[in-house]
Structure formats: structure tokens, C-alpha cells
Amino acid sequence: MEFLTHDFIPYFILAVGYGIPILYGTLGGILAEKAGNINLGIEGMMLMGAAAGFLVSLSTENVIYGLLAAVLAGGFGALIYAFLTVSLKANQIVTGLALTIFGAGMTKFLLNLNKEVVRIPNSVQKSLKPILSDVLGIEGLEHSIFKIFDLSILVYLAFLIAIVLHFYLNHTRYGLNLRAVGENLAAADAAGINVNLYKYVHVVLGGALCGLGGAYLSMYYIPIKTEDVVHGNGWIAVALVIFVSWKPLRAIIGSLLFGALSLLGKSLQTGVSLSPYLLDMLPFIVTILVLIITSVQMSKENAQPRSCGLNFDREER
Amino acid sequence: MNLFRLVKRDTITSMHHTFIRVIAILIAFGLSSLLLVFTKSDPIQAFYNLLIEPFQYRSGPIEIIKLTTSLTVISLGIGFAFKMKFWNIGAEGQILLGAIGAMVVARSLPTMSAVGLLPLMLLGSFVFGALWGLLPAFFKAKFGTNETLFTLMMNYIALNIVKTLESGPWKDPKSFQNTITPLPDNARIPSLFSEIPWSLLNAGFGIAIVLTAFAYYYINHTKSGYELSVVGESESTARYAGMNVFAIVMRTMIISAGICGIAGFIQVAGNNSTLSSGVAGGLGFTAIITTWLSKLNMFMIPVVSFIFAIIAIGKDGLITIGIPSAAADAIQGIILFCVLGCEFFIRYKIVLIKKSDEFISKVRGAA
Amino acid sequence: MVAILTESNCIELKNITKTFGSVVANNNVNLTIQNGEIHALLGENGSGKTTLMNMLSGIYSPNSGEIKILGEVVNGSSPREFINMGIGMIHQHFKLVDVMSAKENIVLGQPGSIYLNARKMSREISELSEKFELNVNPDKKIYQMSVSEKQNVEILKVLFRGAKVLILDEPTAVLTPQETKKLFKILKNMKENGCSVIIITHKLNEVMEISDRVTVLRKGESIATLNTNETTAKELTELMVGRPIDLSIERKQVNKGKKLLKINQLTVLNEEKIKALNNVSFEVFEGEILGVAGIAGSGQKELCEAITGMQKVKSGHMTFKEENLIGKSPRDIFKMGISMSFIPEDRLGMGLVASMNMIDNVILKSYQKQKGFYLNRKPARMLSEKLIDGLEIKTPGVHHPVRLLSGGNVQKVLLGREIESNPELLITAYPVRGLDINASYKIYDLLNEQKEKGVGILFVGEDLDVLLEISDRIMVLCEGRVVGIVEAKEANKEMIGYMMTGGDMHESI
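Protein chains in written order, with my numbering: chain A, 5 to 321; chain B, 171 to 537; chain C, 199 to 707.
Calculated from the structure, these hints are not laboratory results.
The structure presented is a predicted model; accordingly, all values stated were derived computationally and were not measured.
Mixed in with the good hints there might be a few duds.
[To be verified] Between beta-carbon pairs, the in silico distance windows are:
1) Y15(A) - Y518(B): 51 to 57 Å
2) S303(A) - E322(C): 26 to 32 Å
3) S303(A) - Q463(C): 30 to 36 Å
Backbone N, C-alpha and C fix where the C-beta goes; we use that ideal spot for every residue, glycine too.
Using the sequences and the accompanying hints, generate a full structural model.
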């Protein structure tokens with residue numbers, strides 16, 4: 005019990021803190037890739053979400069407006085990407101990179117229009133994480149094992165979205181159609197599925213999730229004006245999409261694992277001879293190993309959706 | 171029936187091609203102006219500061235050429251891989267490794283004269299960069315491992331290696347921050363024209379010119395260049411023709427990643443004075459876009475790189491008129507979107523349904 | 199006549215025209231399908247049958263013309279709308295998602311409740327499958343299925359959607375005769391249930407066997423629609439090729455020379471580690487054409503690729519003029535000085551580089567002979583110009599990408615290049631597929647010319663008439679085994695056809 009409350013739980017909560025933005029980004033990435041679009045713009049969309057969430061909650065002092073703005077901003081970034089890759093058939097990788105450049109630029113630009121260093125009102129941050137005792141009306145929960153539930157609403161929302169996505173992909177008609185689009189464009193099209201519509205909807209939804217991940221960072225985790233609040237989390241999400249084999253439930257575990265790893269890196273910074281940066285590269289090394297293993301096994305079912313990177317042209321011969 | 175249909179073009183004249191691109195860039199300027207007006211800035215002044223002003227002050231053109239140099243070298247490197255349809259997006263990491271390679275040589279031969287040391291550093295950067303690129307190439311060629319994701323991951327491993335070196339083994343004892351000891355003068359690329367005012371312009375510029383010519387010659391006029399083009403178009407044709415696909419992939423990636431490594435050398439020994447985790451600073455990603463926009467034409471690469479360099483250098487000029495310099499990045503993004511989007515109108519033509527009948531009769535008349 | 203011909207037509211296509219780039223695939227095509235009939239669409243390869251049917255299933259949309267289904271003009275242009283109007287198409291290349299199960303593929307794109315009840319789906323599909331005797335396991339993944347199983351899934355998919363009109367594109371190309379019989383039974387069964395069936399084929403015997411009416415397409419135009427029982431195979435052939443022709447191809451008499459290629463007990467595994475070739479033994483001599491017959495996928499591709507060193511060999515012996523070929527890559531074979539040419543089935547994907555121009559394609563086989571680092575394109579340019587003149591290749595110039603050439607011209611570039619390398623052994627896989635009659639005869643002439651020069655030729659073909667006429671001997675493959683090798687002069691179509699299904703040649707006579 006002592007170990008739990010004093011060592012494990014604080015550590016767990018910190019790891020969740022690191023992992024949640026990655027989880028949002030990963031879920032967004034999974035949605036896009038299941039539709040056959042590899043989107044390297046996750047970092048950019050998260051940044052756009054972060055900036056929009058920050059600026060809107062700063063001016064309106066309203067958490068809902070802030071979150072809504074973040075969702076819209078992430079979705080807007082994805083919409084640009086979808087228009088270029090789906091309607092105009094542009095190269096997915098280059099367009100994704102361009103989106104990241106655009107997103108980062110827009111974010112810095114908008115944040116720097118006002119030169120003062122500002123932070124968003126405490127009330128916004130508080131409403132994203134109500135105090136547990138207040139919610140349940142029981143005193144002193146923060147010091148017991150229930151401390152493990154002392155997390156932001158956005159954490160529960162992320163877990164919930166992951167579970168819903170799992171159900172959606174594997175047990176619903178739309179999910180089935182989506183997977184078919186990601187695997188075989190011609191087959192999906194011949195089966196009467198509106199391929200472009202599926203791509204648009206899911207790429208944009210994925211962008212909205214990335215935007216939420218950004219909002220978690222800028223409105224809750226680091227609520228002070230920060231140019232690069234996302235700080236590479238989007239790229240880790242790109243790695244995690246592969247690491248969890250495009251499965252939303254595994255993404256929960258994966259993001260906690262990656263969160264714990266980066267936390268380990270930070271906590272080792274003092275006193276230990278091993279460089280913390282060596283630990284930081286661990287997630288990427290593991291991801292590479294996963295890539296290699298699945299390709300050596302020629303696994304058909306744990307591989308990237310096969311139409312990823314391909315653009316759809318029905319009349320292509 | 172739909173009101174219009176898409177028809178794939180067989181050929182397009184270069185005039186028409188250029189026209190479409192110019193329109194795209196004009197649209198990009200229009201959209202950027204909207205963004206600026208929306209944030210209460212003067213777009214004309216902003217574009218002046220962004221595109222013209224860098225040429226007005228003394229160090230501006232030099233900075234632009236330095237950046238053009240680095241971008242060109244990296245884009246050429248990426249170009250080799252892209253020509254083979256090997257999506258090397260790991261230039262960022264290969265630059266960092268090249269920089270480490272140059273540093274290793276410089277640090278282990280501290281007293282050597284520049285004449286001997288610099289070529290060795292160049293070689294060191296090439297070897298380190300090439301090795302970093304060989305790993306994904308090996309797995310791609312042997313097992314078909316996805317090279318896009320593999321090379322991307324390698325970037326972050328490289329970045330953390332540099333951070334590790336910064337924080338420990340190579341840390342400058344005189345510095346309070348995590349920085350690496352600066353290189354001595356004998357390990358710095360000398361100026362190309364020491365007598366003339368462009369004194370800051372270093373020999374990296376010369377390397378870029380030589381590499382551009384080399385890349386053009388290699389890809390268009392050598393057997394190896396022909397082989398990599400065939401592998402890029404169709405691997406089964408390459409095997410059918412008796413090519414050793416594995417060797418070609420490995421050889422091409424050695425050149426591709428090695429050249430990116432050389433860019434690392436130019437960065438540490440020319441443009442900066444030492445290795446830092448910001449040595450690549452996103453250039454590896456920008457170069458992917460410049461390579462793509464050059465349509466893998468090796469002589470277009472320096473031109474596109476030059477345009478990107480102007481925007482990157484000019485963005486500091488925005489601050490003087492009260493616009494955050496990041497506006498330049500946003501504008502760059504908008505230009506990219508428009509140019510990427512316009513490719514569609516180069517590949518396809520939109521035919522209104524009524525007109526398509528005339529089109530058919532024209533085709534038949536021609537046949 | 200079983201068919202109940204009614205007044206009403208279920209499908210009417212009027213003046214349909216479709217172009218791809220500058221290629222006119224369909225030109226003013228008219229077609230009427232009646233209720234409850236089996237209608238054959240007959241035409242050579244490249245006559246526009248598949249394009250036409252792709253427009254009837256919404257994959258392509260026509261440039262001009264009118265599509266009427268059950269009297270209603272169709273305005274949309276997506277597969278969805280055509281499925282809703284009761285049209286189901288089974289494509290030659292199956293449109294199935296490999297990693298999904300049969301049932302998932304079957305319900306794909308269908309409207310219904312959001313939640314998918316896996317067990318209910320399995321039950322419904324099993325019932326339907328039993329009703330039509332299709333033998334589909336709803337939970338089996340597509341990538342674990344055989345070709346005919348996959349076809350059954352496609353049929354079930356169409357039935358599940360309640361299709362009133364079924365379109366099948368070359369359904370028998372990949373089937374054994376037994377499977378074909380079963381398929382025809384299913385189709386007749388559907389007809390009796392009031393469905394209409396359109397079957398695309400270029401096999402006359404199938405047209406005669408199963409169809410009620412037949413429409414002939416030639417060069418993208420609809421030539422005629424006839425009642426099957428009022429026509430003959432001969433008349434249909436004439437309509438198909440446009441003029442009464444003598445099918446005969448000259449078999450040049452050449453004295454058999456020395457033994458070129460000797461293959462003994464060759465076994466090759468495919469990607470799924472299944473024996474694609476099983477204990478294959480045969481020989482090829484100078485100055486002979488050895489025809490290879492078999493249903494598609496009987497090991498023809500693996501055989502060609504094993505001889506040319508592109509496919510790994512599991513066991514067996516293979517020699518070319520006494521020199522061992524086992525374990526040699528195409529590069530090794532080239533270095534050994536063996537001149538062997540291979541015209542692969544996939545011309546633009548394997549034999550040529552589609553996006554490159556003629557010079558860079560012609561140089562493909564000879565560049566390795568050049569010394570040094572520099573690539574000299576001059577000889578290839580001269581050769582290209584010579585080929586254009588000599589083989590009458592229609593192209594705007596040597597710098598024009600080969601993918602923009604027509605099928606016949608593409609084949610001439612490929613064959614021309616290979617013949618110019620003066621091979622001793624020439625391996626061709628389906629050399630006239632997709633070519634019109636004139637181009638095909640040009641190719642046969644070129645092959646015969648080579649034979650007269652003493653070249654040994656391995657001719658993998660699909661048209662038995664052609665194989666019987668041009669070959670000296672015919673080897674029949676079935677499921678990777680050699681069923682027998684017969685003298686072409688002494689063989690007939692029925693016998694080869696029977697052997698292709700694995701039957702012993704002596705039983706059939």
C-alpha cells in the first residue's frame with residue numbers, strides 16, 4: 005500500500021501526463037492510416053490545436069470554447085491535407101510535411117502577435133481537472149489509493165475515444181468499410197463505398213483528435229504561452245501508430261509505455277551516468293524493431309494498411 | 171452525369187506547365203495577403219521585407235547563399251533516393267551523423283593542417299551519413315521493410331545521440347550549457363574568395379556546385395544512374411534485366427545518405443563552428459519538399475533551394491515591421507500547399523461534359 | 199429454349215463512347231439485355247468488352263451516351279448507384295480485400311444496422327451459400343483461399359446484394375473444366391430465378407454452350423447481336439475479327455537441331471510455399487517451337503521465371519547446352535554468355551520500363567556489355583530507329599514513353615529488342631495477348647522466322663488453336679505437373695483440353 009500510494013501512483017500519474025497527448029496523436033494517426041492516408045502532419049495539427057485552444061480559452065475564459073477551437077483547428081489542418089491528397093491527389097508524405105511546416109508556422113505566428121507572456125486563467129485548467137473530493141463529495145481521497153483517479157477529464161476522454169474507436173473499427177459497418185478503403189481502394193469502390201468521403205471524414209476526424217491532444221498540452225499541461233508546446237510528441241505518435249499495429253486499444257498501453265519511458269529519461273537526469281537522451285531514443289528503436297519484425301514475418305494482418313500512400317483514381321488503368 | 175470529367179494528360183508543353191505553377195504561386199500570395207490583412211499587417215510591406223530586403227543589407231545575400239548551399243546539397247542527396255522511389259525522409263538524421271563523423275575526425279587529429287584535415291573530415295561525414303542510411307536500405311532491400319517510417323525513426327535516434335554527446339562526452343568544459351567545444355581554425359572550411367567582400371562565403375558553396383554537376387551526370391549519363399532509375403520505375407523489370415537490385419539499392423543509399431552527411435560537414439565546419447543538436451534544424455525536412463518540387467531535376471534543385479533560402483533568411487526582416495517572423499513559415503506552408511495542389515492540374519485536365527464530345531471528334535480526326 | 203423472353207428489356211445502352219487519353223475504348227456501342235437471358239459479350243482481347251461492363255457497374259463513366267436500367271435513365275456514375283439498381287459485376291481481377299474474411303467482404307458497403315453481428319452474418323451467409331451450392335466458409339480469410347473459392351465469394355457477394363443482373367468478366371479463365379461446369383450450372387439456376395446474366399468471354403465454345411443471345415464487339419464498336427441458336431461458331435469468328443479469315447498459321451518445317459535446354463525433375467515453390475512446379479522434366483531443341491498449354495496459374499509463370507533465373511528453384515536439374523543453370527541469377531546467366539531471351543506476360547511491368555522512352559528500353563538488355571562508367575545511348579538510339587522502320591512500330595519518336603504506345607506496338611518494341619540480341623533460346627509468355635489479329639500474325643511470323651534461324655522457342659499460350667498450329671510439340675501443364683508432351687501434328691483440341699484438367703492423354707483418345 006505504501007509503495008502504491010507513494011511510489012507507483014505518482015509515477016503512474018506522471019506517465020499518463022506524458023502519454024496522453026501522444027495517445028491523441030496516435031488515435032488520429034490510426035484513423036487516417038486506416039483510410040489509407042499516411043499523415044505526417046500530426047505534429048502540425050497538434051500545434052494548431054494547441055494554439056487555437058490556448059488563444060480561445062485565453063480570450064473567452066471558457067473551457068468548452070477552447071476545446072472546440074482546438075478540435076476545429078486540428079480538423080482544419082487535416083481538411084487542407086485531405087483536399088490536397090484526396091481531391092488533388094498530391095503526394096501524401098510531402099503534403100504531410102508541408103502541413104507540419106504550415107502548422108508550426110501558423111502557431112508561432114498567432115501566438116507571437118501578442119508579445120506579452122501570458123497564461124490562461126486558472127479556472128480553465130481547473131475545469132479540465134476537477135478535484136476528486138469535490139466531485140464525489142468525500143474528503144481526503146487525494147491521499148488514498150483513489151489518487152490514481154486524480155486525472156484530467158481529457159485523460160478519461162482519450163481512453164474512452166480509444167475504446168470507442170476499437171469498437172467502431174471492428175464491430176460496425178462503417179468501421180468495416182473504412183478498413184476496406186485502407187486495404188484495397190478498388191475493392192472498396194467496387195463494393196459501392198464512397199471512398200473519397202470515407203477518406204475525408206476519417207482524416208478530418210483524425211485531425212480533430214490531434215487538435216485535442218494539442219489542447220491538452222496548451223490548456224492543461226503547460227498553460228503558459230509556449231511556442232513549441234507539442235515538442236515532438238506528434239512525431240512520437242507517428243512512431244506509436246506503427247508500434248501498436250494500428251490498434252486503438254493497444255495505443256492506450258503503448259502511450260503509457262512511451263510516457264513512462266520519457267519520464268524515466270527525465271527522472272534519471274541527475275546522478276546517473278547514463279544519459280537521459282539514450283532513454284529518449286528507446287521508443288524509436290523499439291518502433292524500428294517492430295517494423296523489421298513485421299516485415300520479416302511478412303505478417304499480413306499486423307502490417308500497415310496496404311493502400312497507405314496510394315491515391316485513388318477510379319479510372320486509372 | 172457529372173458536369174465535368176477528369177482526363178489524364180499524355181503530355182504537356184513546358185509553357186503550359188510554367189503557367190500553371192505561376193498561377194499557383196499567385197494564389198499563394200493572395201492567400202498569404204489575406205492572412206496578413208486579417209492580422210492587421212501590410213502585405214506589400216511584408217513581402218518586400220521578406221523577399222527583397224534580404225538582398226539590401228550586406229550579409230543578406232551571403233546568408234542566403236550559405237543556406238542555399240546546405241539545402242542544395244541535402245536535396246541532391248535525397249534526390250538520388252527519390253529517383254529510385256526510395257522514400258528517404260531520414261536526411262535530418264543523416265546530416266547529424268555526417269556532422270558527428272566530421273567532428274570525430276577533427277577531434278582525433280587536432281594538430282593536422284587544414285589541407286589534410288578538411289578532406290578527411292569530408293570523408294568522415296560521408297562515411298557516417300552513408301552508414302546511417304545503409305541500415306534502412308538493407309532492411310528495405312532484404313525484407314521490404316517500410317523505408318519511410320524506418321528513416322523517419324532514425325532521425326530521432328540521431329538527434330538523441332547528438333544530445334548525448336552534447337551533455338556528456340563532448341561537452342565544452344568552459345561552457346555552462348550543454349554545448350560542444352568549438353572546432354579549431356584548421357578544421358573550419360576556408361573562405362572561397364578571401365580577397366573580395368563576400369568573405370564569409372565559404373568553400374561549401376564550391377562543394378554544392380561540384381555535387382550538382384556530379385548528380386546530374388551520374389543520374390543521366392552513367393550505367394549506375396540508369397540502373398537506379400530502372401529500379402525506381404519497376405523492380406521486377408530490373409531483376410528481369412539481370413540487375414542486382416540489392417546492390418543497387420545499397421549503392422544508391424550510400425550516395426544519398428553520404429551526400430546528406432556531407433551537408434552535416436558543411437554545417438559544422440562552415441556555417442556553424444561546432445556540432446549542436448540544432449545543426450540539421452529541420453533542413454532535412456525542408457529539403458524533401460525542395461527535392462519534390464524540383465521534380466528530381468538536378469539543375470532545378472539549386473533554384474528551388476534558393477527561393478526557399480530567401481524566405482527563410484527574409485523572415486527576420488518581418489520583425490522590424492511588427493510581424494512575427496513565424497509568418498514566413500506560415501506563408502511558406504501556404505506556398506507549398508498551392509504548388510502541391512497545382513500538380514493536379516498539370517497531370518489532369520478538366521473537361522466539361524459538353525466539350526468532351528468535341529474532344530472525342532478531335533481525337534478521332536487526329537487518329 | 200429455356201429462356202422466357204419477355205417484351206421488356208432490363209438494360210439498354212445507347213451510343214456509349216468512352217476514351218482514355220487519346221485512346222478510344224468504346225465508340226457508339228449499343229447493347230440491349232432482356233429479362234432472364236444469358237447474354238454473351240464476345241470479342242477479342244482489347245475489343246472494349248471490359249470497359250463497357252465497367253461503365254455498366256459504375257467504375258468508369260462514359261464520355262457520352264445513355265444507360266437505361268429497367269427503363270430508367272441512370273444519371274449517377276458511382277458503383278453504389280449501380281449496385282442499388284440491381285447490377286452486380288464479378289471482375290476478372292477479383293475485388294476482394296485480402297486480409298478480411300469472406301463474410302466481411304460480402305457485407306462490405308452494404309446498408310444496414312450500424313452494429314455488425316458477426317454470428318448472424320456467418321449464419322445468413324452460410325445459408326445463402328448452401329442454397330446455391332457455393333461452398334463458402336464465411337470465416338475464412340481471402341488470402342487463404344484458392345482462386346475458385348475467391349470467385350465463389352464474389353458470386354455470393356453479388357447474390358447477397360440481391361442483384362438482378364449479373365456480369366461476369368472472363369470467369370472461366372482461371373477455372374478447371376469441372377469448376378466451369380459448376381459455374382454454368384449456377385448461372386442457369388440464376389436465370390431460372392429471373393436474373394439476367396452477362397458473360398464476357400472470348401471463348402466461342404462457351405458462348406455456344408451457355409448463352410441465349412450474343413453481342414459481338416470489335417475494336418470498341420458493337421458489330422451485331424444474334425440469337426445463339428441461329429448462328430455458328432464460324433459466323434461469330436468472322437464477326438469478331440472483321441473478315442472471313444483462315445485461322446491457319448504456317449508451321450515451318452525445320453530440322454530439329456541440338457539439345458538446348460534440358461530440365462529434369464524441377465520443383466519450384468511459390469510465395470505461399472506451395473509447389474508451383476512439381477517434378478517437371480522436358481527438353482527444348484534448336485529450331486523447334488515447344489508450346490506450353492494449361493489453364494491459367496498451372497505453373498507457366500514460375501516455369502519461365504525459373505529458367506531465366508528469376509525464381510528460386512527448390513530441387514531438380516536444369517542445363518543449357520550442358521551448362522548448369524540452377525542457382526544462377528539472370529545476371530549470372532548473362533555473364534556465362536548464354537543468350538536467352540524472355541518475353542514476359544507482363545510487358546510493361548517486367549519486360550519494359552513503362553515510363554521510359556524507347557531508347558532507354560532498348561538499352562536495357564545491352565547496357566551491361568558497355569565498359570566503364572559512362573552510358574552510351576547512341577547504339578540504342580540507332581537500334582530503336584531500325585526497329586521502328588523494320589517492325590513498323592507506330593510511335594511519334596524514339597523519345598516517346600512506351601506506356602503511351604498501343605499494345606501491339608509495345609510488344610513489337612519488346613520482341614524486337616529481344617530478337618536483336620540474337621538469342622539461342624526464346625521464351626515467350628502469352629505473346630499475342632491483347633493484340634489484334636494483324637499484330638498477332640506479325641508476331642507469329644517473327645517467331646517462325648526465329649525458328650528457321652535455329653532458335654529454340656518455348657511458347658506459353660492460351661489459345662489452343664494457335665498452339666496446335668504453330669508448335670512442333672505441346673507440353674501440357676496441370677497444377678504444376680507435366681501431364682504429357684505430345685506431337686502437335688498428332689494432337690487435337692479435345693485431347694489437349696482434357697489433359698489440361700489432369701486427364702491422362704491415352705484415356706481421351
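Now the hints, each set against the structure:
Range check, Y15(A) to Y518(B): about 55 Å between beta-carbon atoms, so the 51 to 57 Å window is met. The beta-carbon spacing between S303(A) and E322(C), approximately 30 Å, falls within the hinted interval of 26 to 32 Å. Distance hint for S303(A) and Q463(C): a CB-CB separation of about 34 Å, consistent with the stated range 30 to 36 Å.
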